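A.B. asks: So the chains spell out like this:
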Amino acid sequence: MRETPLSNCEREFLLLAIAHKKRIDGRQVYDYRRLKISFGVDRGCCHVEMGHTRVMAQISCEVTPPKQARPTDGVIFLNLEMSPMASPSFEPGRLSEYGVELNRILERCIKESRCVDTESLCIMAGEKVWTIRVDIHVLNHEGNIVDCASIAAIAALSHFRRPDVTVSGEDITIHAPEDREPVPLSVHHLPVCVTFAFFDQGKYLLVDPTEKEEKVMDGKMVIGMNKHREICTLQMTGNMLLLKDQVLRCSNIAVVKVAEITEIIQRALEQDSKARSSGKKFGFAESLQKDKVTINEMDEMVVDVKDAVDQAREIIQNGEKNAVSEVADKVNMKVTLKGPGTGQIGEGGPSTWDVDEEDEEEMHPAAAGRLTGQQLRGTAPVEPVVLSGDSEEEDTVTLLSEHLYTEKLSVTKLATEGINLSSAIKLKSKKNKSLKSGHTPKKKRTERTS
Amino acid sequence: MADHLGKVVIPGQVLKEFQESEATSKVIIGPGLRRESDLILASKAGVLRHKQPNFYWVDCRQKRYVPARAEHVIGIIAGKAGDVFKVDIGGSEQATLSYLAFEGATKRNRPDVKVGDLVYARLVVANKDMEPELVCIDSNGKSNGMGVIRDGGFMFSCSLNTIRKILSPDCILLKTLGKSLPFEIAVGVNGRVWVKGRSIQETIAIVNAIPSIEFMNNDQIKTMCRKLFDALTGFD
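Here the protein sequences come in this chain order: A and B.
Each residue of the first sequence is one higher than the one before, counting from 441 in this note's numbering.
Each residue of the second sequence is one higher than the one before, counting from 12 in this note's numbering.
Calculated from the structure, these hints are not laboratory results.
It should be emphasised that the depicted structure is a prediction, and the values quoted were computed from it without experimental measurement.
The reader is advised that the hints may include incorrect statements.
[What the hints assert, rightly or not] Here are some, though not all, of the chain B residues that point toward chain A, as calculated from beta-carbon distances under 8 Å:
| hint | residue |
| --- | --- |
| 1 | D99 |
| 2 | A116 |
| 3 | L129 |
| 4 | V159 |
| 5 | I160 |
| 6 | G163 |
| 7 | G164 |
| 8 | C169 |
| 9 | S170 |
| 10 | I211 |
| 11 | E213 |
| 12 | I215 |
The beta carbon of each residue, even a glycine, is placed where N, CA and C say it ideally should be.
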């Protein structure tokens, strides 16, 4: 979809404001937007809001054979999804160049920093290991997706629990979550990315740029770091040149920011685990603020209860009278079998869609709505489908009603017998000789349902 | 009907008992309501409003603009195509603005408009079957405040109901803000507002003040403006 172009007025004002160390949303130059982390009911589901940018990460696990080069290591697979829901500039399907860049930064931050111990994910060396899959979805793009996504990914990885496994000799037992408490992943450290936006050839810098600021920036630098002051990844993009001391200054700022963010992540994880262990409610529904104006609320209404008791008594008395006749009706309801695993109770009404006059005559014999299992199966004369000669399939088989099933078969027998294809194929050679062209779609529809 | 007035209705809800006007026994249904044979249904989620004698409409929160004739909008020049400018007004299609639709423009005397400029224009053609068309002159050929917006300031977007709220005569926001912080403003009903204050700080203050009043009543707006002015004079 076409994105709204950035006007010259906005661009000039933003650059002028940044030169005066002012930001449009009133933040200071090194300030982050309000960060909110919430976890879902499922383990491994984390939703992070940084201002208006929202990202959700979900962790899942699977037992797979390991990579050839590393037979004793588990596999971590990271996938970033940027759908048009997040921004009109994102195309559905393949990631754009920007998306590939972000995906690569996140992979380096999470995978190559070895924050999750992959050796502990091994079940049986060379044969079975856990594959941990991190799916990150960008829900809204209001600037600085990388930071938000890295927080979501690492918080989700810390939140996730995988099924417990016991290996005895050659037997591997994967315990269901009901039998044995699922086990957390062993996360060594929490790497978080910090983005710096540069303006006027590196003269001015902003932390956590919004979407408009990203559009006017010269270039950006992403530093992935953990609270132990270890740099996990470093990337610079854009047409600008940075001096050595600028890079060092940014990494010092990043140390402070990462410490704050790690604190917030750990507090959120603790709150969630406390809520879960104390039996209180947890999940996204609980993280919604109830005091915001945009949440649904109605004023108290005065309800007239003067006649309520009498009305209620009346309803109960009438209900008791009707209950007897209702039970009788239930006994009359019949289940008609329409096929393996399909039953029908009752009928549908006539079609309320407008139909063209020419189709009306064809509709009436079928009498849409009056079809029941019995009518379709044997009593109504249905002509077999004739195929035109221009079918692209090499072997076309027409399944007629006699090959499928008959009414007399019980449900269990249907399951085992299934469709008798061999007899149908034998019939095909006879059919081929009598091919006619032209068939109406109406007839084909009735044939399939039988 | 009487019991739904001022309450939230949801799409598909059937509404009955409309009050007709005495002069012509007609009921005028506005945005958010539609008629289906002899039923009147709500087609948007929002609060049902009523104006004497017989106007009914649904007040809903919407951010996406649907172009309508005779409305004043702020557009961004997205490109040139032959004799016209292509203007983004926030709708599904880009609008066209002819070179000659400016005051004093002739074939020899082209207007000074570049790609990326902001224009304040009026829609002359806007229906669902055609590309919208804009002009920057009124029917007499005068610009009447329309045209290219120059010399600084900042443009931001807010929801359409906020725009309608600040333009309504009941709302005291612009008057209250203007008493303490003089500013220039251009409001486009496509959700875009251009503001220019005396300094960068004041402009940023107004840019943040306007979208925040979406759910405030007049008293809260007064309090907010007072707090804003105190904060601004406190930090220079």
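A.B. asks: Compare the structure with each hint and give your call.
C.D. replies: Right, here's what the structure says about each hint:
For D99 (chain B), the interface hint holds, since its Cβ comes within 8 Å of a Cβ in chain A; the closest pair sits about 6 Å apart. Taking 8 Å as the C-beta cut-off, the interface hint given for A116 (chain B) is violated, the closest approach to chain A being about 20 Å. The restraint placing L129 (chain B) at the interface with chain A holds, with a minimum CB-CB distance near 5 Å, inside the 8 Å limit. Hint status for V159 (chain B): violated, given a least beta-carbon distance of 10 Å to chain A, over 8 Å.
A hinted interface residue such as I160 (chain B) counts as satisfied when its beta carbon comes closer than 8 Å to some beta carbon of chain A; here the least separation is about 7 Å, so the hint holds. For G163 (chain B), the interface hint holds, the least distance from its beta-carbon to any beta-carbon of chain A being 7 Å, beneath 8 Å. For the restraint placing G164 (chain B) at the interface with chain A, the shortest Cβ-Cβ distance is roughly 6 Å, inside the 8 Å limit, so the hint holds. For C169 (chain B), the interface hint is violated, the least distance from its beta-carbon to any beta-carbon of chain A being 13 Å, above 8 Å.
For S170 (chain B), the interface hint is violated, since its Cβ never comes within 8 Å of a Cβ in chain A; the closest pair sits about 11 Å apart. Here the hint on I211 (chain B) is kept, as its CB sits about 5 Å from the closest CB of chain A, short of 8 Å. The restraint placing E213 (chain B) at the interface with chain A is violated, with a minimum CB-CB distance near 11 Å, outside the 8 Å limit. Look at I215 (chain B): its Cβ gets to within about 6 Å of chain A, closer than 8 Å, so that hint holds up.
Checked against the numbered hints above, the structure violates hints 2, 4, 8, 9 and 11; every other hint is satisfied.
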